[in-house]
Structures are given as structure tokens and as C-alpha cells.
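Undergrad: Here the protein sequences line up with chains S and R, keeping their order. What the first sequence shows, in the numbering used here, is residues 271 to 469, in sequence order. What the second sequence shows, in the numbering used here, is residues 271 to 469, in sequence order.
Since the list gives no way to pick out one identical chain from another, each pair is judged satisfied if it fits inside one copy or across any two copies.
Calculated pairs, BS3-like style, for lysine-lysine (alpha carbon to alpha carbon, straight line, at most 27 Å):
#, residue 1, residue 2
1, K323, K337
2, K323, K294
3, K294, K372
4, K429, K351
5, K313, K294
In case anyone wonders, no lab produced these hints; they're calculated from the structure.
These are the residues of each chain, in order.
2 protein chains.
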Amino acid sequence: MDVYGGLLSKLIEELSRLPGIGGKSAQRLAFYIINMPEEKVEKLSQVMLDARKNIKYCRDCYTLSDKEVCPICASPSRDHKTIMVVESPRDMAAYEKTAQFKGVYHVLHGVINPALGIGVADIKLKELIQRIQREDTEELIIATNSSVEGEATAMYISKLVKPSGIKTTRIATGVPVGGDLECIDEVTLLRALEGRITI
Amino acid sequence: MDVYGGLLSKLIEELSRLPGIGGKSAQRLAFYIINMPEEKVEKLSQVMLDARKNIKYCRDCYTLSDKEVCPICASPSRDHKTIMVVESPRDMAAYEKTAQFKGVYHVLHGVINPALGIGVADIKLKELIQRIQREDTEELIIATNSSVEGEATAMYISKLVKPSGIKTTRIATGVPVGGDLECIDEVTLLRALEGRITI
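This is chain S alone, in the form it adopts within the complex (with noise of 0.2 Å):
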């Protein structure tokens, strides 16, 4: 028997089907939604449709926006020339959060993977490329994941980026801070170990 009826039903089904949020969570946020202020949740909606609609790809970067260029590529107190290239505007968003990296990001939106299928088609490399030929940039950041995938694609941007003489650095592999090398995989370590500098 539906318990509880057609719509409340409908609600938790549509809510269970967003990421990460299972059947019990679906049901606490439902309950919380029809408890809710009715203004509140008019407003909610509208902010989901406005940035539906509304938000789009940063004409330079890729990250998304609701403007034509983002913050970032519009700020003039930004190192233009450094670019920081990165999978997902989350890890964007994660640099940010640092306030010290005083370059600018090009989003990629992916990395290659063929098991699932993603070529060099599928990501906003053609872009970078296109990029870096129209602007005068100095240093390339290539800052993807440090998975297996991550890695090949960092290699492969630099084999791409090479001719053109612009500088192409990846970010460290290591032992994170506070870290506690007997919790930590073997592979990191050796890493860490490989790129050990002097003190």
C-alpha cells in the first residue's frame, strides 16, 4: 500500500533520484519540504530553474557561469598568463578556497577515459588549445586528478602543449599534510619520495 498517498509519494521518488541522497533521505527531505514555508519553497524551485536556465560556460575558462566570462577570467587583478587546468569547477573551487593561487583556471570537464568511453573529443581540450594560440600565456598549471586517468590526460596535454614552448608544470604528488605515513598507499609514497626536495 502507498502509505503515504500520491504526492508525498511522487516527492520523496523525484527527490531519491538526485545524487547521493538514498530512499531514507528522500523522506526527511520530503517531510521537511511540505513543512516548509510556502514562500520558501517557491523560492527554492525558482533558484533551481534560474540557474537551470540561466547559468552556462565562461566564455574563456569553461567553468560555469551565469555571466558570459566569470569572475575570475573578468577579474584584471588576475595573472592571465597562468593558467591552471583542472577537471571540474569544483576543483576549481577547491584552489579558490587556498587564496593563493592568483592565475586563472581552464576547466576541462572531464578527463580521458576510455573504459567509460570519454575521448579528447569529449572534453574541453580543443578549447584549451585554441586558448593558449589566442592569448599569451606563460605557464600551463595541469592540475587533474592524481588518478590513473588524470595522470594520462596531464601527460597527454603536455605532449600537446610542448611544440608551442609554453611551460607545462603538474602539481605535486605526496604525502598530505597532517598525513600519517603508515595510513598512506604505497604508490604515494614513492612519489613523495621521488619528488623530495631540498631543505
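Fit chain R to the supplied structure of chain S, relying on the hints for placement.
TA: Below, chain R without anything else, positioned relative to chain S:
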């Protein structure tokens, strides 16, 4: 700097106000939503608003329903003389999943909790008393949670109902099925011992 620009940040902010959704989940949901087909976002918004506007309390048992009388109270195949008293519609749904209870429910929407300022008048207790006076109730099964407040509320209800001569029972407290004795708290172990049955 607002990395994402206005609309996306606003969406993340609104989503992170929902219960159980932290900053990271809100980000993930927001990115998912802006990548959903537009008509799906419209559907989700509509379902939320419909549910918020049309769901009210069932006239008889006070569960949430979009009908005046919920499907369970409206069903002639249920035993309307046995009422299970629960704290929330979710607890009711949990018992409904067992598909073994054939009676009907009464949803209190909370328990008496002086620490949180929730008194007798704040839960649907008056409505329960009126209901058993009006209806031909034979048994009241009190299935509030086994918390201090749940137990106190159960005691309070049983005292209130006693004069009417209606049989009042309480669901059993004990070791959960599959539970490992060594992992179970002492109070539960004692309760299980006190409540032992002849086999």
C-alpha cells in the same frame, strides 16, 4: 571571491539549508541540477510546490496525505478498532513496510519533551482522546520511540486512556534481530531480560 558567480552560489546556499545536506553535498546537487534536462528541473520544482500546497493532515489519524482521509484510514480492509500510536509518519511507514500490522494509526507529530518546550498541547494527543471517545476502539498500541521522551509519552497516554477501559499496550523493547549481545547497551539488555517470554 565568489568562484561560481551569483546564481550557482545562490542555488548551493539554498540547497545547503536542507537537513542533512552539507556544503559538499549541496555543491554536488547544484551541479547535478544545472546539468539536468530543463523539463526535469521543472518537474521537480512542480512536485515540490504541489506537495507543499496540497498535503495536509488526514482527518482521522493525522498522518500527512493529499486526501482528506489517508489511504489507510479509508481502507475497509483494515482493522479500525486497533490503533497504533506513532510519533511521525515515517514511523508509520516503517511499520507499514512490515505489511503485517492490519490496524490503523494515529500520528502524534512528536512526543512530550519539556527540555524542548514541547508540551501535551503541541502533539496530536487531544485528537487521539477525542478519536477513541468517538470510535469503537478496542486496543491502543503505543509505538513511540524507546527514548526517554518516547517512554514518558507512552506512560502519559496509558494513564490518560485507562479510565476508558480500552486495552493499552506498548511495543516490546529488547535485543534487535541479528543484534550482537556484546554490542548492545546495558539498559536494552536488562529490558530484554525483564521482557523475556516463555518458549
